[in-house]
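*Asks:* Please put together the full structure from these sequences, using the hints given.
Listed below are the residues making up each chain.
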Amino acid sequence: MRKLTAVLLIGALGLAACGKKNSGEPAQQSLSYRSSWGAAEPQSKIIKTIFDDFAKETGTKVDVKFVGRTGNENLNAEMASGQGPDLFDTTTGDIDTLTAQQIVGPMDDVENARVPGEGKTVKEVLPEPVRRASSGKNGLAFLPHTIISTAVWYNAAKHPGLNPQTWEEFIAFLDESKKAGRTPIGQDGTIAFYNVYWFYSLLVGANGAGSLAELAKDPANWDKPQVLDAAKKVEQLAKGGYFQRDFMATKFPAAQNAWAQDKYDLNLNGTWLASEVQPQLAPGFKVASFQIPTGGKKSIEVGTLGWGVNAKGKNVATAKKFLAFALQKKYMEQFSTVALNISSRGDVPAPPHMADVQKAVLEAKETHLSYDYAGADKTWWGDMFLPLSDKLLSGKIDAATFVREGKKRTAEHLATG
Amino acid sequence: MRRLIGDILLPRATAIALWAWVAFNLALVGWVGIQSLKDSGEVWLDPFGLPKTLRWDNFSSAWQAAEFSAAAMNSVVLTLFGSAMIVAVSAPAAYVLARSSRRVAGHAINYFAIGLSIPIQTILVPIVVIKLSVYSFMEDWVTGWWDNRITLLVFQVALSVPFAVFVLTGYMRSLPHEIEEAAEIDGAGPLRAFIQVIVPVARPGLTTVLVLNVMGLWNETLLALLIAPLPEERNLPAALLGLYSSMQYSSDWGGMFAGIVILVYPMIVLYIWLGRRIVDGMTAGISR
Amino acid sequence: MKTYERAFWPFLLPALLVYTLLFVAPSLFGIWVGFTKWSGPGSEMTWRGLDNYVALLHNEVFTTAFTNTFVMATVGGILIFGSTFLAMVVLRQLKGRAFIRAVVFLPMVISIIAIGAAVGFLLNPEGAVNTVLEWIGLDPQPWLGPDMVFRCIVGGLVWSSTGFYVALMMSAADAIPTHVYEDAQLIGATKWEQFRHITLPLTWDVFAVAAVLWVVGSLKIFDIVLAFTTAGTAAAPPIPARTIAVQQYIVVKGAGLPDLGSAAAMGVMTLLVTAVLIVLTRRITRRDRVELS
Chain A
5 MRKLTAVLLI GALGLAACGK KNSGEPAQQS LSYRSSWGAA EPQSKIIKTI
55 FDDFAKETGT KVDVKFVGRT GNENLNAEMA SGQGPDLFDT TTGDIDTLTA
105 QQIVGPMDDV ENARVPGEGK TVKEVLPEPV RRASSGKNGL AFLPHTIIST
155 AVWYNAAKHP GLNPQTWEEF IAFLDESKKA GRTPIGQDGT IAFYNVYWFY
205 SLLVGANGAG SLAELAKDPA NWDKPQVLDA AKKVEQLAKG GYFQRDFMAT
255 KFPAAQNAWA QDKYDLNLNG TWLASEVQPQ LAPGFKVASF QIPTGGKKSI
305 EVGTLGWGVN AKGKNVATAK KFLAFALQKK YMEQFSTVAL NISSRGDVPA
355 PPHMADVQKA VLEAKETHLS YDYAGADKTW WGDMFLPLSD KLLSGKIDAA
405 TFVREGKKRT AEHLATG
Chain B
20 MRRLIGDILL PRATAIALWA WVAFNLALVG WVGIQSLKDS GEVWLDPFGL
70 PKTLRWDNFS SAWQAAEFSA AAMNSVVLTL FGSAMIVAVS APAAYVLARS
120 SRRVAGHAIN YFAIGLSIPI QTILVPIVVI KLSVYSFMED WVTGWWDNRI
170 TLLVFQVALS VPFAVFVLTG YMRSLPHEIE EAAEIDGAGP LRAFIQVIVP
220 VARPGLTTVL VLNVMGLWNE TLLALLIAPL PEERNLPAAL LGLYSSMQYS
270 SDWGGMFAGI VILVYPMIVL YIWLGRRIVD GMTAGISR
Chain C
38 MKTYERAFWP FLLPALLVYT LLFVAPSLFG IWVGFTKWSG PGSEMTWRGL
88 DNYVALLHNE VFTTAFTNTF VMATVGGILI FGSTFLAMVV LRQLKGRAFI
138 RAVVFLPMVI SIIAIGAAVG FLLNPEGAVN TVLEWIGLDP QPWLGPDMVF
188 RCIVGGLVWS STGFYVALMM SAADAIPTHV YEDAQLIGAT KWEQFRHITL
238 PLTWDVFAVA AVLWVVGSLK IFDIVLAFTT AGTAAAPPIP ARTIAVQQYI
288 VVKGAGLPDL GSAAAMGVMT LLVTAVLIVL TRRITRRDRV ELS
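Just so you know, the protein sequences line up as chains A, B and C, in that order. Heads up: the first sequence runs through residues 5 to 421, numbered per the working numbering. Heads up: the second sequence runs through residues 20 to 307, numbered per the working numbering. Heads up: the third sequence runs through residues 38 to 330, numbered per the working numbering.
Derived from the structure by calculation, the hints contain no laboratory data. All C-beta atoms in this analysis are idealised placements derived from N, C-alpha and C, irrespective of residue type, glycine included.
Chain B residues, not near chain A, derived (Cβ > 12 Å throughout):
{"id": "1", "residue": "Met20"}
{"id": "2", "residue": "Arg22"}
{"id": "3", "residue": "Ile27"}
{"id": "4", "residue": "Phe67"}
{"id": "5", "residue": "Val95"}
{"id": "6", "residue": "Ser119"}
{"id": "7", "residue": "Val123"}
{"id": "8", "residue": "Leu135"}
{"id": "9", "residue": "Glu199"}
{"id": "10", "residue": "Ile214"}
{"id": "11", "residue": "Val220"}
{"id": "12", "residue": "Thr226"}
{"id": "13", "residue": "Ile291"}
Simulated restraints, written as ranges between beta carbons of each label pair:
{"id": "14", "chain 1": "A", "residue 1": "Lys243", "chain 2": "B", "residue 2": "Val95", "range": "52 to 58 Å"}
{"id": "15", "chain 1": "A", "residue 1": "Gly399", "chain 2": "B", "residue 2": "Ile53", "range": "35 to 41 Å"}
{"id": "16", "chain 1": "C", "residue 1": "Ala165", "chain 2": "A", "residue 2": "Asp179", "range": "31 to 37 Å"}
{"id": "17", "chain 1": "A", "residue 1": "Asp67", "chain 2": "C", "residue 2": "Val108", "range": "43 to 49 Å"}
{"id": "18", "chain 1": "C", "residue 1": "Ile115", "chain 2": "B", "residue 2": "Ile291", "range": "29 to 35 Å"}
{"id": "19", "chain 1": "A", "residue 1": "Thr62", "chain 2": "C", "residue 2": "Ala165", "range": "49 to 55 Å"}
*Replies:* Printed below as a string of structure tokens:
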């Protein structure tokens, strides 16, 4: 220890003596990427291939790390202080934070870059709703590779063509399933941001973008009848006993795995569901989906996952070059065929079970972003709204209490700021 | 009545509870081992059955996915170096504090005792900030590189020093004063006298502190996640958390249990091997 | 001059410097950050005075985490030492006592994350524990649901920590000469009375140290909460299960702009709880030393 202290001291002295910043230009182009995908997930295998090809074709030295969901806790702080990788994974919901921390910069040059070997620009390859879901107030914030959306998932082998058009039809299906002795809905109730899907999808689906986000901004917005209406529908689900027993105590991913085993009829989840439960799927299971029948505007959720460029990083230009390179069709196809997700390119067909979701996203008249961007005020979202939504879905409070409490606490939150 | 409760009911019930507890611990360890050899579907559908075929490949997939070899190396190095440094720094200080009659020694003891009551939460934010700043500073101005594992090691040591000094000071006080006299006559320098005379006598206390720190550092999670979270720098608990996460998302449950076995079984073997020596060594200092 | 007087400063200085520079100074810096609004190096720091504290006291999530931490330290402590004392009543003579002591200590050497991963399988609504309950005709319970998860975590904590304190206290009890117990048996003392009047008084000093150890350790409880709830997912652990350390971790790692000022303020408040609990523990365990005559 004493030695280490001495080394540190000498180091500091040496610095005082020469005061020269280490900024040797590397002889070779280099590029670093830190991923939130785990090494075992199919996405990382695809991404690894792209980086390997990029390294081979451009002679760039690449440094790729697959960290997984835990382990990137400090990433934003690191990048904000001028460290961290050149490329990182990000998603629609993070754009505002990244912009505020000045981690992402303008990407016009990427939008106008040509995708190698295809003669089209990045902008031309990405459909408009996809670009919108990947943009902040300064335009494109990151380059998306995957479209995500939310739907109700079921086994088409057992319920061919299930697609209730109204809330009543939906409830009728649930009742019928219950009467037949089945469990209508499987819900991983310990994950609050899955529980909130019900209220959020019902409210925003019917009333369009902004109808959830506005609840965080002004307590008066809670008084709109549409809020109570969506809450009442959730209350109906909670009181109806449609979820599996003790669903609020179900540790993820027990419910979605049991759903894949045909124990429950429905699961409200993201487009990544089929990929996650692949090894658990019962024989003959045909994954299919429908949108929750919300009525009203029938807005469709569009979110994206993709790569952000660390604007404070050391190799911004190379990183941007990589983005255009990665958008080649041969790579983007793999996000569909291998990772079983919807690729961000409009000209890459989604996996068969999600063809309708892709169509809905690309042709929707009304779209909204993931969680309607209501998570922007994270204290409101995480400490107040999600817990309240949990209480509503678990049947602890009714719709009227939900609205009253929401209004009251939003006012309190805004007051203490 | 008094005899019935105090001599029969209470002891009997406690004994039964203790054996149930023992059975549960053993069953859990065995069950994890069996689960690690099943395929993912079986783990989920038939948690109490025996595996139909033994899936040894779970172990290789877990090992690769979690980059356990790097993590194991990190854990071993961080734990051994860390605990050795803690004792090396604390023992001499505790010795002079326990012996000296200077007024300042009493103040210093109290000053270290304050550290005992500072929870890790108080220092968490500064640590994150320092970690980032040290990295930038070293990379930009001094060495041109930095490794967060060094930061982790340094903080693990610094955070453990107050407790080590506290326990060792109490322990050294209980040592007989005569032991120094041999060294005094010998005319040896302070450091030599300390190493040759004091350390051998104080061994039980030093072992206690060492073992307590080895266990603490081996299971360190919060600091490791915040300071050194990357695959090549993280320790075993952080790596297991990472594996847990990626296996949940890819539903590779057999692989997850294999990861648990890789992490837990060596510790159990080590524990059986060193067995009582760990526990005795650990408690000898405190209970003196 | 005595060796230890000559070597006083050279021996003391390394520990003093490490402790002051890397522990005390950062703590003071943390207290400072607690009065500001700051999202880390590279962003601007603005003075907020006591606002962080006011906001925290109004934040129901934080107060829950605060209460939980307090309950864990006290209730968990009572359960752990209660079980330890019970074990001490019988462990002195029981057949296979060395084996029992070894196996109950086992959870200490196992990573709590590993335990948590197995727990999901055991405590899920359709999991093993409920299956067993149904076999013996009892109602299955929502163990990991909002109402019970915290109790399960305290249970897990007691399960994994008690072995350590049993080992600690028993090794102190081992030092008591057997003839003391033989004398007690002659005058007809029950096992409980032997514990109450011999073992406990003679191991009380170790208990005092162990109690402080527990209090300090219990306040940084973190990984067991993650392990029992959302470990490995991007979701934050449910609010009824959070401790201060967990809440702080959530704020520091932040999905949005990290609010380091608020996180640092939480640290200062934990410091206050720790101080209060240590003083309380010392007061409860303080008494005159008992010596065997």
